[in-house]
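Peer 1: Chains Y and F, in that order, are what the protein sequence lines are. Numbered per our numbering, the first sequence finishes at 146, counting up by one with no gaps. Numbered per our numbering, the second sequence finishes at 146, counting up by one with no gaps.
Rather than coming from a laboratory, the hints here were simulated on the basis of the structure. Careful, some of the hints might be misleading.
Identical copies go unnamed one by one, so any copy, or any two together, can satisfy a pair.
With a straight-line cut-off of 35 angstroms between C-alpha atoms, the simulated DSBU-like cross-links for lysine-lysine are [as the list claims (entries may be wrong)]:
hint, residue 1, residue 2
1, K22, K118
2, K118, K34
3, K136, K77
4, K118, K145
5, K70, K26
6, K21, K128
7, K118, K128
8, K34, K77
9, K118, K73
10, K55, K34
11, K48, K118
12, K21, K48
13, K77, K118
14, K73, K52
15, K52, K118
16, K136, K118
17, K136, K21
There are 2 protein chains.
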Amino acid sequence: MLSAACRDSIRAMIYIANLSKKERYKNRFISIYKIARDLGLSFYFLSKNFQKLVKAGLLESHRGPHGGVKPLKPPSKIRLIDIVTVIDGIDFFNNCILGFEECSDENPCTIHNLWADKRNQILNMFEKTTLEDAIKNIERFENIKV
Amino acid sequence: MLSAACRDSIRAMIYIANLSKKERYKNRFISIYKIARDLGLSFYFLSKNFQKLVKAGLLESHRGPHGGVKPLKPPSKIRLIDIVTVIDGIDFFNNCILGFEECSDENPCTIHNLWADKRNQILNMFEKTTLEDAIKNIERFENIKV
DNA sequence: ATATTTTAAGATAAAATACTCTTAAATCTT
DNA sequence: AAGATTTAAGAGTATTTTATCTTAAAATAT
Ligand code: FES
Ligand code: FES
Chain Y
1 MLSAACRDSI
11 RAMIYIANLS
21 KKERYKNRFI
31 SIYKIARDLG
41 LSFYFLSKNF
51 QKLVKAGLLE
61 SHRGPHGGVK
71 PLKPPSKIRL
81 IDIVTVIDGI
91 DFFNNCILGF
101 EECSDENPCT
111 IHNLWADKRN
121 QILNMFEKTT
131 LEDAIKNIER
141 FENIKV
Chain F
1 MLSAACRDSI
11 RAMIYIANLS
21 KKERYKNRFI
31 SIYKIARDLG
41 LSFYFLSKNF
51 QKLVKAGLLE
61 SHRGPHGGVK
71 PLKPPSKIRL
81 IDIVTVIDGI
91 DFFNNCILGF
101 EECSDENPCT
111 IHNLWADKRN
121 QILNMFEKTT
131 LEDAIKNIER
141 FENIKV
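With the hints as extra help, turn the sequences into a complete structure.
Peer 2: Encoded structure:
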């Protein structure tokens, strides 16, 4: 459902948001190399994908020593759907699951009435969930994977 | 979410199931060429994908004049999940949305608690929905796309 | 028997996605 | 000013998915 690029980006954004809360990292740029290393991701792939997030205004970037990226908004203001929109686009939430051109209640496919509901619930989840929600889970659960 | 192969296959299976109910087609083989033409799909791609459904026992095939495919079960006994399982596999319903190796309540990622629920609802839909349900919608709605 | 129709199977080609590399530009450190 | 660090951008490569083609096998029709 999410592309590999999008999965990586969401993980990284959650990681950045969480780190940026700590005193040591507040308002500091975090190097992409460090993020990739800490999360076990490819530096090349991650920095490429980050370029979109920077352009979209979700991240601020800075070159040179002590450079890196940092969030432009507080975790409570960055929703998962914002990241998905930038990296994958939102076609998934508009398109027919059977691949028809149009998707609407007026022009439904044979399983539209069932799928549209599920799809909206997913959309709802991505719209409601912010990086802060994810961070809270990090604090809440012990053996959580970041 | 569904691959192109899977989307095509589901559409074709619904079409076959619906056609097989009609007196003229009862217990007859329906040519793959006709199915592809009627649904606007590629004959090559569809016949390739059908091979899996035949092997899996969802379709019976027959070569030569008046050959083709026909369902091996009544529409009420073929669930969407059966087709998805054969064509795409069920990894989607087991895997972590953020790409982690494991996915379980005991070893969750930062959004597992939110996603697992949605994912199960989708699974539920695919498990509960049969070809008969889709056919009923064909009868129920006027401008429906098959 | 021979020719025709139709699916099966495997090879090939094209397109999309995932991933990597190289060079440049910006910034900092000395 | 020179060198080191770090992201930006675009080109390049690899892998996966999608789509097509070719040949074979099976069944029917003549
Ligand atoms: S028309 Fe197919 S899901 Fe809406
Ligand atoms: S662990 Fe990530 S969705 Fe379950």
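Peer 1: Quick check: which numbered hints come out false for this structure?
Peer 2: Of the numbered hints, all hold.
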